[in-house]
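Taken in sequence, the protein lines are chains A and B. Residue numbering for the first sequence follows this note's numbering, beginning at 1 and increasing consecutively. Residue numbering for the second sequence follows this note's numbering, beginning at 1 and increasing consecutively.
Source of the hints: derived by calculation from the structure; they are not laboratory data. Hints may be right or wrong, so weigh each one.
So these bits of chain B aren't anywhere near chain A, every CB distance computed over 12 Å [said to hold, decoys possible]:
#, residue
1, S6
2, T77
3, N243
Simulated DEER-style distance windows between Cβ atoms [as the list claims (entries may be wrong)]:
#, chain 1, residue 1, chain 2, residue 2, range
4, B, Y2, A, E140, 24 to 30 Å
5, B, T77, A, R113, 44 to 50 Å
6, A, I59, B, Q256, 19 to 25 Å
7, A, A181, B, E185, 37 to 43 Å
8, A, A181, B, Q256, 54 to 60 Å
9, B, Q61, A, G4, 51 to 57 Å
10, B, N109, A, D98, 35 to 41 Å
11, B, T235, A, S228, 42 to 48 Å
12, B, R238, A, G4, 17 to 23 Å
13, A, S166, B, D154, 20 to 26 Å
14, A, S228, B, A27, 54 to 60 Å
Here a beta-carbon is modelled for each residue, glycine too, at the ideal position from N, C-alpha and C.
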Amino acid sequence: MADGIYAAMSGAMSRSLALDVVAQNVANAPTPGFRASAVAYREAPARAPDAPPATDAEIRMSTLDAVVPSWQPGPLEETGGALDLAIEGDGLFAVRTDAGVRYLRGGSMTCDRDGVLVTSSGHPLLDVEGRPIRLPAEAEPVVGEDGTIRAGDRTVGRLAVVWFESPAVLSHEGDNLYTAAAGAAPIAAPGLVRQGVIEQANVNVVRGMIDLVSLTRSYEATLRAMESFQNIDRRTVRDLAQG
Amino acid sequence: MYRALSIAASGMRANQLQIDVTANNLANVSTAGFRRSRADFADLLYQNLRRPGAPNADGGQAPAGMQVGSGVRPVATVRMLSGGELLQTGNELDMAIEGNGYFAVMRPNGELAFTRAGNFQIDREGQIVTPDGYPLEPRLTIPPDAMSVTISEDGTVSVIQAGDTEPTEIGRLELTIFPNQAGLEAIGNNLLRQTAASGEPMEGPPGEEGRGTLRQGFLETSNVEVVTEMINLITNQRAYEVNSKVVQASDDMLRQAANLR
């Protein structure tokens, strides 16, 4: 049997996984602060990690190596909402969840019934000391570039804005949140806080369409290759039988 | 590929919802005191095929993770609270709130509702009511022989009665603010209702503790901007189209796989 059919199959499988990633990017075009992911393929030997290398020509597989969120900024949209917060440049707001501290790029914030500043999913935003921030009802909050929130003539807190040495430690968690890999320490963020602004997703729809077309075509090509290998097998069996 | 199908479907649903919200905004472009809404979305949970830093096939550490998401979901429709324009009507009982706050009105079921629409009228008993007949709280009755009604910025209502030259003060209007006014629930008829998320109403005289002031003879228009809504409509329509292309592509790929010979 021709082993190449498995190499072709691995190509088809990684393309279909890549389609899921493109679908996720395009579906989240309306999600504020969403970071689109890119895929990277890798050539991998078709053997267990601890097996000795094969001596003769070895079949190499194509696998998906990584799905990496792109930290390119998205377009900023002026909304005028007092609690619409965005970060211009690199940076993330910190929020408290049941699972620990998570990060987000911004979006439409709101207050809960006690006046605590929360995300639209209800997670409280944290100040520089890791505490939630309570906004007074009687004055409109004004958020400065450094994250300082003033209401009337009073400073009510300063939003934590953090960043990481390498954004590769951040992964998607859903709910517009990102989680940092264990051991990654946040550093001061270079970005500036913008009030009344929402950062849109950094999804490039044109790029998504092109990815779609090229994935469909290369998937088709790998399937043709699989068919060719099957034809070879079929012919070999027939020739041998006639032999 | 099956995942791509359901992800694209969630994307199409999200765009559909945003178009529904846009349609409602556009339909209410001339509703007094109407506040436009915007749908807010969040990405759904991710499947971690490999976490960043996990050991890879060559014994090293993978510098980047591998995650596949499962689509998008709507989390909220956010009412945009920026004020509308003030339109001069000259009508004595038209009131606009400049700044924060809501008028409180009593619904027939005995619950309070809140509104920004200041197009009030007088019922047959002389009470100030909404166009639907819900009385303004605290209740105020205009005497039948009142020649003119004056409402000051701080809510003081005075009338000049027939035969008098000096105005008589008959009461004071109040405005209500909330810890979280975005948490109010719209119930139609320009009315909003208190919820667990909005917090307790705090009523008081206009102009105090962050409450806005009153402008007699003005109405607040809706804060809908037709151009913005039209642009939303176009972008959502296109985004819907791209999601449907994803459905087509996954369908195409599935069919090819099924036709393998």
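Subject >> Check on B/T77 being off the interface with chain A, judged by Cβ distance over 12 Å >> reply: 10 Å, violated
Original post:
Does the Cβ pair A/A181, B/E185 satisfy 37 to 43 Å?
Top reply: With a Cβ separation near 40 Å, A/A181 and B/E185 satisfy 37 to 43 Å, so the hint holds.
Subject >> B/R238 paired with A/G4, Cβ distance criterion 17 to 23 Å >> reply: With Cβ atoms ~41 Å apart, the hint is violated.
Subject >> Given as non-interface: B/S6, partner chain A, CB spacing beyond 12 Å >> reply: 9 Å, violated
Original post:
If you check the beta carbons of B/Q61 and A/G4, does the distance land in 51 to 57 Å?
Top reply: 31 Å, violated
Original post:
Is the gap between the beta carbons of B/T77 and A/R113 within 44 to 50 Å?
Top reply: Because 18 Å falls outside the window, the suggested range is violated.
Subject >> Distance restraint hint 24 to 30 Å, applied to the beta-carbon atoms of B/Y2 and A/E140 >> reply: Once the Cβ atoms are compared, 48 Å apart, the range 24 to 30 Å for A/E140 and B/Y2 is violated.
**OP:** Just tell me: holds or violated, for the beta carbon distance of A/S228 and B/A27 against 54 to 60 Å?
**Re:** 58 Å, holds
Subject >> Range hint 54 to 60 Å (beta carbons of A/A181 and B/Q256) holds or violated >> reply: 38 Å, violated
Original post:
Okay, B/N109 versus A/D98 on CB: inside 35 to 41 Å?
Top reply: 38 Å, holds
Original post:
Is it true that the C-beta distance of A/I59 to B/Q256 lies inside 19 to 25 Å, as the hint says?
Top reply: Taking Cβ atoms as reference, A/I59 and B/Q256 lie about 23 Å apart, which means the hint holds.
**OP:** Indicate whether the distance between the beta carbons of A/S166 and B/D154 respects the range 20 to 26 Å.
**Re:** 58 Å, violated
Checked against the numbered hints above, the structure violates hints 1, 2, 3, 4, 5, 8, 9, 12, 13; every other hint is satisfied.
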